[in-house]
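So the sequence shown is residues 41 to 526, counted in our numbering.
None of these hints come from the bench; they were simulated from the model. Remember, it's a predicted structure, so these values are computed and weren't measured experimentally. Accuracy of the hints is not assured; some may be wrong.
[Said to hold, decoys possible] Dumping the calculated DMTMM-like pairs for lysine to aspartate or glutamate here, alpha-carbon to alpha-carbon at most 20 Å:
hint, residue 1, residue 2
1, K268, E222
2, K471, E270
3, K268, D106
4, K243, E270
5, K484, E469
[To be verified] Computed beta-carbon distance windows for the label pairs:
hint, residue 1, residue 2, range
6, C201, H235, 40 to 48 Å
7, L450, L110, 23 to 31 Å
8, F338, S197, 38 to 46 Å
All residues carry an ideal CB built from backbone N, CA and C; glycine is no exception.
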Amino acid sequence: PQFSEKETGTGWNCDWSGTLIITSLTGAFGSSFLYGYNLSVVNAPTVYIKRFYNQSWERRYGYVIDGATLTLLWSITVSVFSIGGLVGAIIATPAVKFFGRYGVNEGVALDRGARSDASCSLQAGLFPQVGCWCLCVQELGPKGEEGGRETQELGESLWPCLFAMIVVPSLIQVGILPFLPESPRYLLLEKHDRHGAEKAFQKFLGKNDVSQEVEEVLAESQAQLNVKIESVLQLLRNRSVRWQVITVIITMACYQLCGLNAIWYYTNSIFSEAGIHHKMIPYVTLSTSAIEILAAVFSGLVIERLGRRPLLIGGFGLMVIFFTILTVSLTLQNHAYWLPYLSIFCILATIASFCIGPGGIPFILTGELFQQTQRPAAFMIAGTVNWLSNFSVGLLFPFIQAGLHTFCFLVFAVICLLGAIYLFFILPETKNRTINEISQTFAKRNKVTLEGREMSQFSSETKSSEEQGHNISSTLDNGETKSRII
């Protein structure tokens, strides 16, 4: 199905096509879905995994494992996949440039299928899919809509099958992606295939006349003809984007350190401490997933109306409130029969608060705060911070929980509060603003003026569409210019 109605009186833009919807769902199913699955899959078989460690340790060394060592082994089990994600974040940029957006997703999915018996290798290379898919979806969607979009029943002996199940969505993605068009921006800017880009735009947008979209991409290419892609080191040294980099680092760190992953990793133990009967815990856990889906859908519907900034700050602010109430309810749960239910409500509300704002916006911000030449390095920095923070939470939370007991979530409340304060004073609204306007907002704080090369790049965007198309079309046929672009 194709529907390409333009903006109506309601302000709703339906410039989508069936191909775009299928592409977005396929990519999410093979990247973001697997990311979320791997975060929570270790939660259900917790008891069986720890028992397996105890039995293996006793067979090997002849004595029962001590509590501190067991906690350390469990922490490593929960967090080790983040190391694979960190490696993936580092290699994502060259992999995307060489193989394309879809090639990376297919290659990583095949690797998962080939090595699904090794729980550590299941996770390796996960971020290339998540990272390049965020980049790809941002390139595919219509302009102005970039922001929108278990229980353990296998028994004690079959719990490893939970870790092998991710081969199914991976194979589904591998089977579908070859039949979908490549990113039109990638085809035009990096492969210099105008005909292929036009066909891709037509399929994704569901219309025949895509000249305006092609000209916008060509104008971007014209502005960057003599500009090299910035490396991570160059981006870190660039004073004109210093606060943008700091903002991305802090936002991504808060995204992981806000405590939601700790809830996912240890939902069963938290519910158990809250006094929930062990037979009811799986059903309560399922409710958290339902809340997450509803909150994510709500966020996708309102992000282009409310903007990024209110959702981010509001999400972190609500998490501070619910973490505080959760701490009180867990501490006093033996004093009233209804306090365990208040704890469940606080956990669900915390998850909803996260998904409404901080859950997806940090990746969108990374693409909106930087020029095209800076985005690969920016995504690499964001991915590195993301996975290091993820690893830290998974590794340290069991020890924090053992030391602080019911007060452990106050640590995350403080992090959320500091993140909200920083974003309130530093982050401008990026909704419906050009990179020029966003950079001008940061210019005073960076103590630079946008002039020279930067202004020449921005001014090129104001040229007429005909002049942009004519200039770039002629240069693309010139072999010397092609070499300079490459």
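Hint check results:
no.	hint	in the structure
1	K268 with E222	violated (23 Å)
2	K471 with E270	violated (25 Å)
3	K268 with D106	violated (55 Å)
4	K243 with E270	violated (31 Å)
5	K484 with E469	holds (16 Å)
6	C201 with H235: 40 to 48 Å	holds (46 Å)
7	L450 with L110: 23 to 31 Å	holds (25 Å)
8	F338 with S197: 38 to 46 Å	holds (41 Å)
Checked against the numbered hints above, the structure violates hints 1, 2, 3 and 4; every other hint is satisfied.
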